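S.K.: The chain contents come next:
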Amino acid sequence: MKNWFMLALVGQDRVGIVGQITNALYRGGCNLGEASMLRLGTNFTMMMMVNTQLDESALISLIKPAADQLGLHLHLDQIEGELHPHPEPDVKIVVHGADRAGIVAQVTGELATAGLNILDLETGVGGSNEKPFYFMHIEGSATLGMETLQRALEKLKETLQGNIEINLSPLETFDL
Amino acid sequence: MILSLLTYPDPLLKQISQPVENFDDELRNFLSHLEETMRAGPGGVGIAAPQVGRFQRIAIIDVSGGKKVTKHHGRLMLINPEITDWEGFEIAREGCMSVPDYTGNVIRATHIKLTAQNERGELQQFEMEGYEARAVQHELDHLDGLLFLDRLVSRRHDLFQRKTYQQKK
Chain A
1 MKNWFMLALV GQDRVGIVGQ ITNALYRGGC NLGEASMLRL GTNFTMMMMV NTQLDESALI
61 SLIKPAADQL GLHLHLDQIE GELHPHPEPD VKIVVHGADR AGIVAQVTGE LATAGLNILD
121 LETGVGGSNE KPFYFMHIEG SATLGMETLQ RALEKLKETL QGNIEINLSP LETFDL
Chain B
1 MILSLLTYPD PLLKQISQPV ENFDDELRNF LSHLEETMRA GPGGVGIAAP QVGRFQRIAI
61 IDVSGGKKVT KHHGRLMLIN PEITDWEGFE IAREGCMSVP DYTGNVIRAT HIKLTAQNER
121 GELQQFEMEG YEARAVQHEL DHLDGLLFLD RLVSRRHDLF QRKTYQQKK
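Taken in sequence, the protein lines are chains A and B. Residues 1 to 176 in this note's numbering are what the first sequence spells out, letter by letter. Residues 1 to 169 in this note's numbering are what the second sequence spells out, letter by letter.
Since the hints were derived computationally from the structure, they do not count as laboratory data. Some clues are possibly wrong.
[Stated by the list, open to error] With a straight-line Cα cutoff of 27 Å, these simulated DSS-like cross-link-like pairs (lysine-lysine) come out: (1) A/K92 to B/K67; (2) B/K113 to B/K67; (3) B/K68 to A/K92; (4) A/K157 to A/K92; (5) A/K64 to A/K2; (6) A/K92 to B/K113; (7) B/K113 to B/K68; (8) A/K131 to A/K157; (9) B/K71 to B/K113.
On a predicted model such as this, the values are computed, not experimentally measured, just so you know.
Could you put together the complete structure from these sequences and hints?
M.R.: Now the structure itself:
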């Protein structure tokens, strides 16, 4: 099938979103590639690679009835798609502390300068209303080497003065 | 001779392997081909007979070349191996020659006790830890038709939320 699209759908979570959307795609002759689907807050978010003979407008017509019925916003981009080697993360970074604005920006900004290519990032907020805490889990590649990343992290720790815990550990893949 | 590898989703990889009964030259000849095949692989530290389509309880392990691997038993021919004791657990990312281009997080025991026969049929006992213990558990799974894909833990959910975060009314 000639076309690959990145299809993103977001809306209030309810039972049946994945089933209805993927069935609409399947009945329309589409094949799914990699996908990420998860609940964020009370919303359900889906992002998936779709392989199809359809062009952009035909694919939108295929999805729109189900998306509208489920109250989902839809976004579609044509992309390059093929089976490809997956980059392996070689570093994991865990960050947590009392919640405040700017944690992600500060941490990822510094680490990007030190060569961190983020492959997977998730964050969450927990705790009570009065004392919320924030955590972030990053997996990525240290493109400028682990030492450069480690130095940036030490600098970051000084700047943050112990208000945020931030830990870097190498991720090893066991080829067996 | 490098043997050809079965790769997922070949259903033969789900087959359960049978015990070895004859410790003869044919077996030892096969073991040398199996070892050559293992060493030609990307990791080169472990292989199980069913990966090359021979459904017998045979695995070869050698983690001695690994960086940071301190405790190991060198090159081991494991025939009819049985894990008799498990302790501790650890999540780590594994890849497999039979599952090209995919890796995933798997929980394995950090310490194991193992009995196995060698290529002459002599029964041996081992205590293993770390990388070697992980490699053995991974290869022995092949003998029972299991791949690391059957044991994946979620990449996203190493950290579990215990309860739903609720707004106070």
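S.K.: For each hint, tell me whether it holds in the structure or not.
M.R.: Going down the list of hints, with the structure as the test:
Straight-line distance between C-alpha atoms of A/K92 and B/K67 comes to about 19 Å, which keeps the hinted pair within the 27 Å bound. Under the criterion of a C-alpha separation no larger than 27 Å, the hint pairing B/K113 with B/K67 is consistent with the structure, at around 23 Å. As the CA atoms of B/K68 and A/K92 are separated by approximately 19 Å, the hinted pair is consistent with the 27 Å bound. Under the criterion of a C-alpha separation no larger than 27 Å, the hint pairing A/K157 with A/K92 is consistent with the structure, at around 16 Å.
As the CA atoms of A/K64 and A/K2 are separated by approximately 21 Å, the hinted pair is consistent with the 27 Å bound. A C-alpha spacing of about 31 Å is found between A/K92 and B/K113, which places the hinted pair above 27 Å, so the restraint is violated. A C-alpha spacing of about 21 Å is found between B/K113 and B/K68, which places the hinted pair at or below 27 Å, so the restraint holds. Taking the CA atoms of A/K131 and A/K157, the gap is about 22 Å. The hint holds against a cut of 27 Å.
Between the alpha carbons of B/K71 and B/K113 the distance comes to roughly 14 Å, so the proposed pair stays at or under 27 Å and holds.
Hint compliance for this structure: hint 6 alone is broken.
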